[in-house]
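*Asks:* Okay, here's what each chain looks like letter by letter:
2 protein chains.
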Amino acid sequence: VCAAPVTTDPRDALSLQEREGWLRAALELRDVCRDVVRGVMAAGFEVDAKSDASLVTTADIEAERAFRLQVDERHPETGVLGEEFGPARPDADLVWVIDPIDGTAEFANHIPLWGTIIGLWLRGQPLVGIIDHPALGTCLHAAHGLGAWRDGERVTLADLESAAPATLRRLGAPSRFAFVKFSDESDVYGALTRTHPNCRTFHTCYAHTCAASGGLDASVEWNVPLWDIGATRVCIEEAGGRFEQVREVERSGIGALHSVVFGRPRMVEEVAATLRGALYPGA
Amino acid sequence: VCAAPVTTDPRDALSLQEREGWLRAALELRDVCRDVVRGVMAAGFEVDAKSDASLVTTADIEAERAFRLQVDERHPETGVLGEEFGPARPDADLVWVIDPIDGTAEFANHIPLWGTIIGLWLRGQPLVGIIDHPALGTCLHAAHGLGAWRDGERVTLADLESAAPATLRRLGAPSRFAFVKFSDESDVYGALTRTHPNCRTFHTCYAHTCAASGGLDASVEWNVPLWDIGATRVCIEEAGGRFEQVREVERSGIGALHSVVFGRPRMVEEVAATLRGALYPGA
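For the protein sequence lines, the chains are A and B, in the order given. Those letters in the first sequence? Residues 1 to 283, per our numbering, in order. Those letters in the second sequence? Residues 284 to 566, per our numbering, in order.
Among these hints, one or two may not hold up.
[Said to hold, decoys possible] These stretches of chain B come out as covered by chain A in the derived footprint (C-beta under 8 angstroms, 3 or more residues):
#1 391-398
#2 448-460
#3 465-478
#4 482-494
[As the list claims (entries may be wrong)] Under 10 angstroms between C-beta atoms, here's a sample of chain A residues computed to sit facing chain B:
#5 Phe45
#6 Ser183
#7 Ser186
#8 Tyr189
#9 Asn223
[What the hints assert, rightly or not] Chain A regions said to be covered by chain B (calculated; three or more residues, Cβ under 8 angstroms):
#10 20-30
#11 119-126
#12 162-175
It should be emphasised that the hints constitute simulated quantities derived from the structure, not laboratory data. For glycine and all other residues, C-beta sits at the position ideal for the given N, C-alpha and C.
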């Protein structure tokens, strides 16, 4: 009665060479976005208010357009989900997830913590992830089984030392706005900041880069679309960290919204317990 | 019955040339700190826990030591107040205020938002202020009557447009930790994040640089020593913004702790009203 191990992860069916190929392809697409965004920065740009009162600049639009053009040309069998345009071939085995400028308000206000997020997903599993920060000159990337890397150096996350005082633990947290934008979940924000008062709020994926490379012990995102976390899980897991989804809800007209925590394993456990305790106080 | 205008500001008694001289002197001292800190960064550094559980590195100590040596040599008539050593000639007319690395935890964790703060005060009034961010490659400076400048460009703050929705206003806020460190003032934190949910928490003087140059509409510091805000008031006021002290308390063994808000005038008024309303609910 000895069963062979069951492989359910479709990523393991790809050879290391194939995965390296997709990582290279993703890095080339990153360079396409970088060139567009840097060109817009050098030329100056317009800021308009979108209907949801967030900001969008010509850099967002132009970078995602260039990204999609290159995907169509180089990888026509793959799909694309992105912030600025509708889904293209979303049922393909391989689907790119792109947020050309995560943190448009920071970009527009010349605060360099914004980033370009590129993910490649294979049937629901994250194969490649890139978080690029052109204004900071730093880039994080990872691919399944190939490790996480930041600027040419391998990234590995040590677990939280259990002796560390709670006030020294460094959490990346959304602002209160994320907890009241769709419905009043300010109790959850209250619980999070009470148990982890030593938090940073960058409002961009720079918090993900920090959580994957140890600058923050963990980080939380609340009610965000897939493209905001399209590169995060594979980067965190390849660094030896833990990525946990606390909740996923469907919102009509918007789609799936994810609430997640990621970083050093013990810290992620603690924070996830706090969030679940506040969400489901009876459970 | 026509009285001559009474000048009570001792800074106006200095000629523009004298003020320019002190600004140049301050920028030279900034370069001294920069060289030390960059040297430590290149060589690697130790991180120790201080008694108050904040972090201190050799870079803090060495930069402040070098700063004081240069002050003693070049400007022996001036005093120095700093984070790492005791006061020197604190009753001098001109007193330097130095925080060699504001944001030591960020520095130690390779998050580039830390800064070197240098202020020069003339009998209680801020004459010169510098906030330098070597890891970001940006520097803010100002001197009384000479304007505020960032990287060679004059900085001027437009007031908040009154039509701007509250959720778009960008506030720099301390983390909850600052409101519970000495006594439980979490009600104040709650009020601040309720009225201004769209906040950033950088935990360093980078929020001051952003508030003085328009990247944030205003920023708050809560219960901080003088050297954390030693350069801020003159930078904000020279940019056309408003700097308001909401409270000053003496804490035995620590000294004066300041709670302040600064940035675009209308935003500062709003935030100060929120903070005072939470502090003195009966008033």
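*Asks:* Each hint should be assessed against the structure and marked as holding or not.
*Replies:* Okay, the hints, checked on the actual structure:
Given as covered by chain A, the region 391-398 of chain B passes the check, having 4 residues with a CB less than 8 angstroms from a CB of that chain where 3 are the minimum. Counting residues of the region 448-460 of chain B whose beta carbon lies closer than 8 angstroms to any beta carbon of chain A gives 8, which meets the minimum of three for the stated coverage. For the region 465-478 of chain B, the stated coverage by chain A holds: 5 residues have a C-beta nearer than 8 angstroms to a C-beta of that chain, and at least 3 were required. Figure legend: the region 482-494 of chain B, annotated as covered by chain A; annotation consistent (6 residues with Cβ-Cβ distances under 8 angstroms, at least 3 required).
A least Cβ separation of about 16 angstroms between phenylalanine 45 of chain A and chain B goes past the 10 angstroms threshold, and the interface hint is therefore violated. For serine 183 of chain A, the suggested interface contact is broken, since its CB lies about 14 angstroms from the closest CB of chain B, more than 10 angstroms. For serine 186 of chain A, the interface hint holds, since its Cβ comes within 10 angstroms of a Cβ in chain B; the closest pair sits about 8 angstroms apart. Using the Cβ-Cβ criterion of 10 angstroms, the hint placing tyrosine 189 of chain A at the interface with chain B is satisfied: the shortest such distance is roughly 8 angstroms.
Given hint, asparagine 223 of chain A at the interface with chain B, is violated; its Cβ is 13 angstroms from that chain's nearest Cβ, farther than 10 angstroms. Three residues within the 8 angstroms Cβ limit are the bar, and the region 20-30 of chain A against chain B gives 0, so the coverage statement is violated. Only residues whose beta carbon comes within less than 8 angstroms of a beta carbon in chain B count, and the region 119-126 of chain A has 0; fewer than three means the coverage is violated. Counting residues of the region 162-175 of chain A whose beta carbon lies closer than 8 angstroms to any beta carbon of chain B gives 6, which meets the minimum of three for the stated coverage.
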